[in-house]
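Residues per chain, in single letters:
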Amino acid sequence: MFPTPVQKSGPLASAAYQIILPIALVIWLLPLLGVAVTSVRPSGDLAAGNYFGIPSSFAGVENYKAVFRDSPIGTYILNSFKITIPTVIGAVGLSCLAGFALAVYRFKGNLALFFLFVAGNFIPFQILMVPVRDLTLKLGLYDTVTGLVLFHVAFQTGFCTLFMRNFIKGLPFALIESARVEGVSEWRIFLHVVLPLMRPAIAALSVLIFTFVWNDYFWATVLVQGQSAMPVTAGLNSLNGQWVAAWHLVSAGSIVAALPPVLMFFLMQKHFIAGLTLGATKG
Amino acid sequence: MGNVTLTRVTKKFGAVEIIKGVDLTVEDGEFCVFVGPSGCGKSTLLRMIAGLEDISSGSLSIGGRDMTDVDPAERGVAMVFQSYALYPHMTVAENIGFGLRMTGHPKEEIARRTAAAADMLQLKPLLERKPAQLSGGQRQRVAIGRAIVRNPDVFLFDEPLSNLDASLRVQMRIEISKLHQDLKSTMIYVTHDQVEAMTMADKIVVLQAGLIEQVGSPLELYHRPRNIFVAGFIGSPKMNFLKVTARPTEGGVAVTFPGGPSLTIPTETPVIKGETTLTLGIRPEHLDRETGDVTLAGTVRLAEHLGSETLLYVTLADGAEISVKADGLTSARPGDAISIPLLARACHLFDTEGTALHNGDLTR
Ligand SMILES: Nc1ncnc2c1ncn2[C@@H]1O[C@H](COP(=O)(O)OP(=O)(O)OP(=O)(O)O)[C@@H](O)[C@H]1O
Ligand SMILES: [Mg+2]
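Sequence lines, in order, name chains L and P.
Per this note's numbering, residue 1 is the first one in the first sequence, and the count goes up by one each step.
Per this note's numbering, residue 1 is the first one in the second sequence, and the count goes up by one each step.
Don't read these hints as lab results, they were simulated from the structure.
All C-beta atoms in this analysis are idealised placements derived from N, C-alpha and C, irrespective of residue type, glycine included.
Be careful, since some hints might not be right.
Claimed, not checked - Stretch by stretch, here's where chain L covers chain P in the computed footprint (C-beta under 8 Å, at least three residues):
no.	segment
1	73-79
2	87-97
3	310-316
Said to hold, decoys possible - Beyond 12 Å from chain P on every Cβ pair, some chain L residues (computed):
no.	residue
4	Phe-52
5	Ala-66
6	Leu-94
7	Phe-125
8	Phe-159
9	Phe-173
10	Ile-176
11	Ala-179
12	Ser-185
13	Leu-195
14	Leu-197
15	Phe-212
16	Trp-247
17	Leu-259
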């Protein structure tokens with residue numbers, strides 16, 4: 001069997017594996033652990049300079065209670081959902097359609113258009129900060145959920161289209177042709193043949209975009225000012241008082257804020273199954 | 001009505017002309033087979049009839065109606081793909097009924113027609129399975145079932161059996177032939193396989209490089225190839241070709257083999273004027289005779305014992321290679337000297353361009 005299972009390889013390799021893997025794991029988890037530990041630290045620890053040591057007592061309950069009591073985190077989380085869910089639907093829906101068109105139809109400028117989508121991904125969107133802010137102001141979308149959704153959709157669709165187009169290109173084209181000969185309209189081919197086979201791609205992309213937009217801090221601070229449209233990432237900052245930093249509360253808030261993407265991942269997990277096209281062709 | 005007529009049809013991919021002007025008529029109810037070497041444009045031609053590739057110039061009519069620019073859906077054709085192209089997320093029953101459902105047929109009718117097709121193809125016990133849970137032959141049957149339910153005027157098959165193993169291929173070949181007898185629809189069938197072409201076809205179309213070389217019944221193509229390409233393509237093992245010098249004689253052609261022996265081949269009409277070089281063609285199965293009008297001496301290079309017959313690959317005195325289909329019990333072994341009897345009546349003659357001047361005929 002290739003690759004050889006670690007258990008069956010030489011002693012050196014298996015020793016290296018047993019040492020390096022935990023180290024890598026710890027390094028990878030360290031920031032997360034730090035946040036988790038800080039979120040259960042009493043505020044006195046931070047004042048006394050005990051940032052990374054063992055917490056002097058378990059203050060998890062108070063900290064998490066304080067997060068909900070001292071800040072409108074409920075509103076923020078709701079805002080985050082109001083921003084993220086439409087963005088996911090918009091970006092994934094549009095890119096399914098655009099990807100289908102780019103993958104299935106031969107038309108002039110198809111490839112050029114596709115490259116435009118690819119190239120768009122290479123633009124660091126931070127440089128667009130000032131023009132985008134001006135634009136939202138002029139459109140009256142500044143400080144609104146709609147504004148954020150529109151701009152997120154605009155920025156995410158490029159990558160999504162690239163992803164979807166390549167996924168659809170990978171499906172057996174004979175499926176589409178066979179449906180065409182059977183007299184199925186193009187729209188129904190998309191709905192009944194292509195879309196069901198795209199389920200793994202849609203699930204993967206949804207989780208990706210959900211996480212990405214949920215975790216966005218940049219546009220949230222650039223395009224939003226007030227509480228009414230502020231998502232949880234930017235809102236957490238308000239847990240820090242004007243004069244004192246309350247990192248234990250911010251940490252606790254962060255943990256709360258991180259839960260939805262994690263839940264989303266587990267929810268979508270069963271759709272990731274590969275091999276959905278198994279049996280379509282000779283196999 | 002399902003007669004298909006192609007008139008001066010061409011196909012260009014960019015600047016490259018792949019189909020270079022094809023004229024062909026397939027009668028209603030006929031089983032027509034396209035054969036030809038890989039890349040000659042068989043699939044392309046079939047896809048043009050289906051409407052999956054547009055026609056660069058020329059015209060196509062099906063059932064007397066002009067279909068040159070008509071959508072695939074409206075042509076009344078059904079196509080079975082080499083890769084089966086089953087919808088993996090649907091059950092067998094859904095796969096078969098999908099086209100009908102999408103074109104707005106009532107539920108009861110879909111159920112009835114699906115059941116009828118499943119009956120015909122022995123798919124009844126498999127109706128609730130997904131394609132991934134079927135064997136290759138069963139998938140192929142589902143693909144055919146999907147074509148049958150639509151009750152098309154014309155069936156198009158693109159190498160439908162090439163992914164199956166040998167015994168299943170024989171079985172499916174017979175089933176498709178039976179289906180043709182039952183349905184009496186026009187079928188156009190692309191294949192690489194000699195045996196499929198010979199056994200199934202009413203009419204074989206031999207294509208090469210985007211042009212039709214010859215159209216005819218299987219035996220017509222076998223006995224009366226119009227040129228050296230068709231002669232070499234139809235029949236397995238392939239016809240032997242030998243370079244000879246020829247001069248006209250009374251009632252025929254006298255040919256001389258490079259090794260020395262000569263032979264007079266009777267022809268009905270004079271075929272050459274002066275002395276010239278020709279290619280003489282003779283099938284391996286016509287070299288297994290007790291006596292001949294002339295014998296060629298050679299050495300056996302390789303013997304393939306197939307049980308029912310033995311294929312001998314023989315090097316002649318002048319270095320030319322010929323194959324001989326001999327009896328299964330022959331004792332010839334590599335290295336043996338052998339003399340091969342040649343019947344003048346079985347010989348074909350081709351000029352230097354490859355056009356047939358004379359076709360042999362053992363019945364004469
Ligand atoms: N979409 C395309 N664009 C450009 N050239 C193509 C296209 N499709 C087919 N061809 C070319 O057309 C020629 C004929 O292809 P086709 O598939 O019809 O061959 P075929 O006779 O079916 O061969 P095979 O027996 O291998 O299936 C080939 O040379 C192929 O390269
Ligand atoms: Mg082909």
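Cross-check of the supplied hints:
no. : hint    : verdict
1   : 73-79   : holds (count 5)
2   : 87-97   : holds (count 3)
3   : 310-316 : violated (count 0)
4   : Phe-52  : holds, 52 Å
5   : Ala-66  : holds, 50 Å
6   : Leu-94  : holds, 23 Å
7   : Phe-125 : holds, 37 Å
8   : Phe-159 : holds, 26 Å
9   : Phe-173 : violated, 9 Å
10  : Ile-176 : violated, 9 Å
11  : Ala-179 : violated, 8 Å
12  : Ser-185 : violated, 7 Å
13  : Leu-195 : violated, 10 Å
14  : Leu-197 : violated, 6 Å
15  : Phe-212 : holds, 28 Å
16  : Trp-247 : holds, 50 Å
17  : Leu-259 : holds, 33 Å
Hints 3, 9, 10, 11, 12, 13, 14 from the list above are not met by this structure, while the remaining hints are.
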